Amino acid sequence: MWNYSEKVKEHFFDPKNSGAVAAANAIGEVGSISCGDALRLTLKVNPETEVIEDAGFQTFGCGSAIASSSALTEIIKGKTLDEALTVTNQDIADFLDGLPPEKMHCSVMGREALQAAVANYRGEEWKDDHEEGALICKCFAIDEVMIEETIISNNLRTVEEVTNYTKAGGGCSSCHEGIEGVLTRVLAEKGEAFVPAGIGGAVAAPASAPVKTAASAGTSVGGSLLKRIRIIESVLDKLRPALQADGGDVELAEVDGKTIYVHLTGACSGCQMAAMTLGGIQQQLIEALGEFVKVLPDTEMPVAVEA
Amino acid sequence: MSDIYLDNNATTQVDPAVVEEMLPFFTEQFGNPSSLHCFGNQVGHALKRARKQVQRLLGAEFESEIIFTSCGSESDSTAILSALRAQPERREIITTVVEHPAVLNLCEHLETEGYTVHKLEVDNRGRLDIGAYQSLLSDRVAVVSVMWANNETGTLFPVEKMAEMAHEAGVMFHTDAVQAVGKIPMDLENSAIHMLSVSGHKLHAPKGVGVLYLKRGTRFRPLLRGGHQERGRRAGTENVASIVGLGKAAELALGAMAFENSEVKAMRDHLEQGILEAVPNCFVAGDPDNRLPNTASIAFEYIEGEAILLLLNKVGIAASSGSACTSGSLEPSHVMRAMGIPYTAAHGTVRFSLSRYNTMDEMERVIAEVPSIVAKLRKLSPYWGEAGPLEDPEQAFSPVYA
Ligand SMILES: Cc1ncc(COP(=O)(O)O)c(C=O)c1O
Ligand code: FES
Numbered sequence: 001m002w003n004y005s006e007k008v009k010e011h012f013f014d015p016k017n018s019g020a021v022a023a024a025n026a027i028g029e030v031g032s033i034s035c036g037d038a039l040r041l042t043l044k045v046n047p048e049t050e051v052i053e054d055a056g057f058q059t060f061g062c063g064s065a066i067a068s069s070s071a072l073t074e075i076i077k078g079k080t081l082d083e084a085l086t087v088t089n090q091d092i093a094d095f096l097d098g099l100p101p102e103k104m105h106c107s108v109m110g111r112e113a114l115q116a117a118v119a120n121y122r123g124e125e126w127k128d129d130h131e132e133g134a135l136i137c138k139c140f141a142i143d144e145v146m147i148e149e150t151i152i153s154n155n156l157r158t159v160e161e162v163t164n165y166t167k168a169g170g171g172c173s174s175c176h177e178g179i180e181g182v183l184t185r186v187l188a189e190k191g192e193a194f195v196p197a198g199i200g201g202a203v204a205a206p207a208s209a210p211v212k213t214a215a216s217a218g219t220s221v222g223g224s225l226l227k228r229i230r231i232i233e234s235v236l237d238k239l240r241p242a243l244q245a246d247g248g249d250v251e252l253a254e255v256d257g258k259t260i261y262v263h264l265t266g267a268c269s270g271c272q273m274a275a276m277t278l279g280g281i282q283q284q285l286i287e288a289l290g291e292f293v294k295v296l297p298d299t300e301m302p303v304a305v306e307a
Numbered sequence: 308m309s310d311i312y313l314d315n316n317a318t319t320q321v322d323p324a325v326v327e328e329m330l331p332f333f334t335e336q337f338g339n340p341s342s343l344h345c346f347g348n349q350v351g352h353a354l355k356r357a358r359k360q361v362q363r364l365l366g367a368e369f370e371s372e373i374i375f376t377s378c379g380s381e382s383d384s385t386a387i388l389s390a391l392r393a394q395p396e397r398r399e400i401i402t403t404v405v406e407h408p409a410v411l412n413l414c415e416h417l418e419t420e421g422y423t424v425h426k427l428e429v430d431n432r433g434r435l436d437i438g439a440y441q442s443l444l445s446d447r448v449a450v451v452s453v454m455w456a457n458n459e460t461g462t463l464f465p466v467e468k469m470a471e472m473a474h475e476a477g478v479m480f481h482t483d484a485v486q487a488v489g490k491i492p493m494d495l496e497n498s499a500i501h502m503l504s505v506s507g508h509k510l511h512a513p514k515g516v517g518v519l520y521l522k523r524g525t526r527f528r529p530l531l532r533g534g535h536q537e538r539g540r541r542a543g544t545e546n547v548a549s550i551v552g553l554g555k556a557a558e559l560a561l562g563a564m565a566f567e568n569s570e571v572k573a574m575r576d577h578l579e580q581g582i583l584e585a586v587p588n589c590f591v592a593g594d595p596d597n598r599l600p601n602t603a604s605i606a607f608e609y610i611e612g613e614a615i616l617l618l619l620n621k622v623g624i625a626a627s628s629g630s631a632c633t634s635g636s637l638e639p640s641h642v643m644r645a646m647g648i649p650y651t652a653a654h655g656t657v658r659f660s661l662s663r664y665n666t667m668d669e670m671e672r673v674i675a676e677v678p679s680i681v682a683k684l685r686k687l688s689p690y691w692g693e694a695g696p697l698e699d700p701e702q703a704f705s706p707v708y709a
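One line per chain: the protein sequences are A and B, in this order.
For the first sequence, position 237 matches number 237 in the working numbering, and the numbering has no gaps at all.
For the second sequence, position 184 matches number 491 in the working numbering, and the numbering has no gaps at all.
Don't read these hints as lab results, they were simulated from the structure.
Please note: incorrect hints may appear among the correct ones.
Claimed, not checked - Taking beta-carbon pairs under 8 Å as the criterion, some of the chain A residues facing chain B (in silico):
1. Phe12
2. Phe13
3. Pro15
4. Lys16
5. Ile27
6. Val30
7. Gly31
8. Gly36
9. Ala38
10. Gln58
11. Thr59
12. Gly61
13. Gly63
14. Ile66
15. Tyr121
16. Phe194
Claimed, not checked - Lysine-lysine pairs mimicking DSS-like chemistry, simulated, CA-CA at most 27 Å apart:
17. Lys683/B / Lys16/A
18. Lys127/A / Lys294/A
19. Lys468/B / Lys16/A
20. Lys7/A / Lys79/A
21. Lys9/A / Lys621/B
22. Lys514/B / Lys355/B
23. Lys683/B / Lys9/A
24. Lys9/A / Lys127/A
25. Lys44/A / Lys468/B
26. Lys127/A / Lys79/A
27. Lys683/B / Lys77/A
28. Lys7/A / Lys77/A
29. Lys258/A / Lys227/A
30. Lys258/A / Lys238/A
31. Lys16/A / Lys79/A
32. Lys9/A / Lys77/A
33. Lys127/A / Lys227/A
34. Lys686/B / Lys7/A
35. Lys16/A / Lys514/B
36. Lys686/B / Lys621/B
37. Lys7/A / Lys683/B
38. Lys44/A / Lys16/A
39. Lys77/A / Lys686/B
40. Lys7/A / Lys621/B
Being a predicted model, the structure only gives us computed values, none of them experimental.
All C-beta atoms, glycine included, are put in the ideal place defined by N, C-alpha and C.
Please work from the sequences and hints to get the whole structure.
See the structure below:
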């Protein structure tokens, strides 16, 4: 059975705010019965202050879908609509002390229900822009749709590139067959063939090697290093507000050739979403620098060997 | 009160008598059965006895038709891949849409290697169309692989008849009988079945041991080549303790066959009736007239299976579901969908699978617990109103991107 946190169990066995709110003036309905998840969120919003005075949920779904719905209503009660809209799916997951990767979509559904309810209150139309596919990489909770889209929009051809862009495959590597499958299919649609890059299974480099390249990279990239760092800093500056809104932050830690180490803090560090965050930063950096770079957390920085 | 285990199609408790038979083979009887000295020799005798015990349970003609493997999945893979390798000119496979992943995923993989896989559809009770099957049999087909009993619903397929049809068409026939062996009587000697898969842990033997039955004379290509174990048909030093355990379990299963088909069946029927009477909007999935004696698959409408299981677990009842959420995929069970069960019910299917260790008292307890669990979840469901399902529920609640 799933490794649910105590908090998830608590909110599943004894959900808060279940049922529809009487005299609700904001209703959000999201989910998909074919996927086994559906949620109706009803809110009572004070028209003067836009404060959510009451929230209720009705959910068709598994344990974590019910717990996520319960958590969502607890989080948003008493907030204004604008405040509530800053709640991310990660906030919902964090409130529950984390969700298994296969279940992160339950928290996404919670956030979407909220957006749909606010749109409904404001008389806007809410359109779901996210599609979910079969989970391919369990280590980083990356699904098929995300991998496919990243392959298409970045013209990726190898598993390694997919890992660099999405993180998928960067952990235990057991999903590489699945990633190859997506690559084969997407490339075939473009009339290309997937060519595996060797037999895989690289031998871990000796611990001292990266340090040497760190030193040499600094010199070999030479004059452009300062320029690159400026570009990197400006990209991070642009991304910072979004991260801070989630209670986190990012700092540049080290540039080692094509590998850029960053220091994630606050809500971003250590959470399951750190991988996603890093993937996002990496994409932005690749675009800004016009070259391929890899972004890693500074915790993965090679430790300098005493000479 | 002790917990109630109703998930015997997933795995079973190893019978204490089986454990007892096994123990000496971890300690004093540790020899390699291939060795000449007396350490090995006795172990060799134990393997022979186990082979005989399995032979009897299956009603096989010869004990050499029993090949010990590491699990049901290995037996399935060995059978299908052997048929393909032995007849390279034949590029088609016939199977069904409701097979276990051990067969289905292999076949889907073989499709990517250029094989044509015909998957027989089922009707709303999970039954096959034999006419459609007949029309697919040809000399292009290397193997037919059809399960004897479905693991989710317990529905039985007429494999003996289908094997005869295959035999007449000159096509090899394999059946995944992992759920059927030990629960229904078998007489393979008088059947046209060429290959049959068994898994120990479904019949009170340990996990990690299985059998491939291979009818004498059937063309065969091993999956594992190497040593001469299992007459060169499955290399690798034998998992002696587990094989001995499987032998004992086979003997016990043969002895309990009548009990399984009377007492266990009566408990299952009682449980099913009790739940159907006490809970509105639920129904039996599969073919109630033609199924394993131990399995009840009940679809509870408008709620989701994993949520039901978690609440059952809380009151000490272990069952399982074909729900998507327990497997990590989003689609509900392929078996439920193949039968055309609507999504609002397919997600809420719960499988209760019994064994000879269950009691009527336990059934009463389950019947007493289920209604309130279902009611609690329906109260949370957007498809459920004050007193029952909303009128035209899928219409009344149709969220964005449904
Ligand atoms: C019908 C069927 N086939 C094959 C298997 C796989 O058996 P094993 O777990 O021994 O590999 C199972 C077990 O879940 C099963 O139910
Ligand atoms: S599952 Fe993708 S790296 Fe582990």
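Evaluation of the provided hints:
1. Interface restraint check for Phe12/A: the shortest CB-CB distance to chain B comes to about 6 Å, inside 8 Å, so the restraint holds.
2. The beta carbon of Phe13/A is positioned within 8 Å of a beta carbon in chain B (closest approach about 7 Å), and the interface hint is therefore held.
3. For Pro15/A, the suggested interface contact is upheld, since its CB lies about 7 Å from the closest CB of chain B, less than 8 Å.
4. Because the beta carbon of Lys16/A sits about 11 Å from the nearest beta carbon in chain B, more than 8 Å, this interface hint is broken.
5. At a threshold of 8 Å, the smallest CB-CB gap from Ile27/A to chain B is about 11 Å, leaving the interface hint violated.
6. Look at Val30/A: its Cβ gets to within about 5 Å of chain B, closer than 8 Å, so that hint holds up.
7. Because the beta carbon of Gly31/A sits about 5 Å from the nearest beta carbon in chain B, less than 8 Å, this interface hint is met.
8. With its C-beta approaching chain B no nearer than about 4 Å, Gly36/A sits inside the 8 Å limit, and its interface hint holds.
9. Evaluation of the Ala38/A hint against chain B yields a held restraint, the C-beta minimum of about 5 Å falling below 8 Å.
10. Below 8 Å, beta-carbon pairs count as interface contacts, and Gln58/A has one with chain B at about 4 Å; its hint therefore holds.
11. For Thr59/A, the interface hint holds, the least distance from its beta-carbon to any beta-carbon of chain B being 6 Å, beneath 8 Å.
12. Interface hint at Gly61/A: satisfied, since its Cβ lies 5 Å from the closest Cβ of chain B, which is below the 8 Å cut-off.
13. Given hint, Gly63/A at the interface with chain B, holds; its Cβ is 5 Å from that chain's nearest Cβ, closer than 8 Å.
14. Among the interface hints, the one on Ile66/A holds; its C-beta lies about 6 Å from the nearest C-beta in chain B, closer than the 8 Å criterion.
15. Interface hint at Tyr121/A: violated, since its Cβ lies 15 Å from the closest Cβ of chain B, which is beyond the 8 Å cut-off.
16. Because the smallest distance between the Cβ of Phe194/A and any Cβ of chain B comes to about 12 Å, over 8 Å, the interface hint for this residue is violated.
17. The suggested pairing of Lys683/B with Lys16/A holds, with an alpha-carbon distance near 13 Å, which does not exceed 27 Å.
18. Proposed proximity of Lys127/A and Lys294/A is contradicted: the alpha carbons are some 33 Å apart, above 27 Å.
19. At most 27 Å may separate the alpha-carbon atoms for a hinted pair to count; Lys468/B and Lys16/A exceed this at roughly 56 Å.
20. Among the hinted pairs, Lys7/A with Lys79/A is consistent with the structure: their alpha-carbon atoms are about 22 Å apart, no more than 27 Å.
21. Only pairs whose Cα atoms come within 27 Å are accepted, and Lys9/A paired with Lys621/B is accepted, the gap being roughly 10 Å.
22. A hinted pair counts as satisfied when its Cα atoms are at most 27 Å apart, and Lys514/B with Lys355/B qualifies at roughly 20 Å.
23. Restraint check for Lys683/B and Lys9/A: the C-alpha separation of about 15 Å stays at or below 27 Å, so the hint holds.
24. At roughly 31 Å between alpha-carbon atoms, Lys9/A and Lys127/A are farther apart than 27 Å, so this suggested pair is violated.
25. In summary, the hint linking Lys44/A to Lys468/B is not supported, as the alpha carbons are separated by about 63 Å, beyond the 27 Å threshold.
26. At roughly 23 Å between alpha-carbon atoms, Lys127/A and Lys79/A fall within 27 Å of each other, so this suggested pair holds.
27. Pair hint Lys683/B plus Lys77/A holds up; C-alpha atoms about 24 Å apart against a cutoff of 27 Å.
28. Proximity of Lys7/A to Lys77/A is assessed by CA-CA distance (about 18 Å); at most 27 Å being required, the pair is judged to hold.
29. With a C-alpha separation of about 14 Å, the suggested pair Lys258/A and Lys227/A falls inside the 27 Å cut-off, and the hint holds.
30. About 21 Å separates the Cα atoms of Lys258/A and Lys238/A, which keeps this hinted pair within 27 Å; it holds.
31. Of the supplied pair hints, the one linking Lys16/A and Lys79/A holds, its CA atoms being roughly 17 Å apart against a limit of 27 Å.
32. With a C-alpha separation of about 21 Å, the suggested pair Lys9/A and Lys77/A falls inside the 27 Å cut-off, and the hint holds.
33. For the given pair, Lys127/A sits about 41 Å from Lys227/A by alpha-carbon distance, which is inconsistent with the 27 Å threshold.
34. For the suggested pair Lys686/B and Lys7/A, the alpha carbons sit about 21 Å apart, so the restraint of at most 27 Å is met.
35. Distance hint between Lys16/A and Lys514/B is unfulfilled; the C-alpha atoms sit about 41 Å from each other, more than 27 Å.
36. For the given pair, Lys686/B sits about 18 Å from Lys621/B by alpha-carbon distance, which is consistent with the 27 Å threshold.
37. The hinted pair formed by Lys7/A and Lys683/B meets the criterion: a straight-line CA distance of about 19 Å does not exceed 27 Å.
38. Between Lys44/A and Lys16/A the CA atoms are separated by roughly 16 Å; this keeps the pair inside 27 Å, and the hint holds.
39. Distance check on the hinted pair: Lys77/A and Lys686/B sit about 21 Å apart at the alpha-carbon level, within 27 Å; holds.
40. Restraint check for Lys7/A and Lys621/B: the C-alpha separation of about 15 Å stays at or below 27 Å, so the hint holds.
Violated hints, listed in ascending order, are 4, 5, 15, 16, 18, 19, 24, 25, 33, 35; each of the other numbered hints is respected by the structure.
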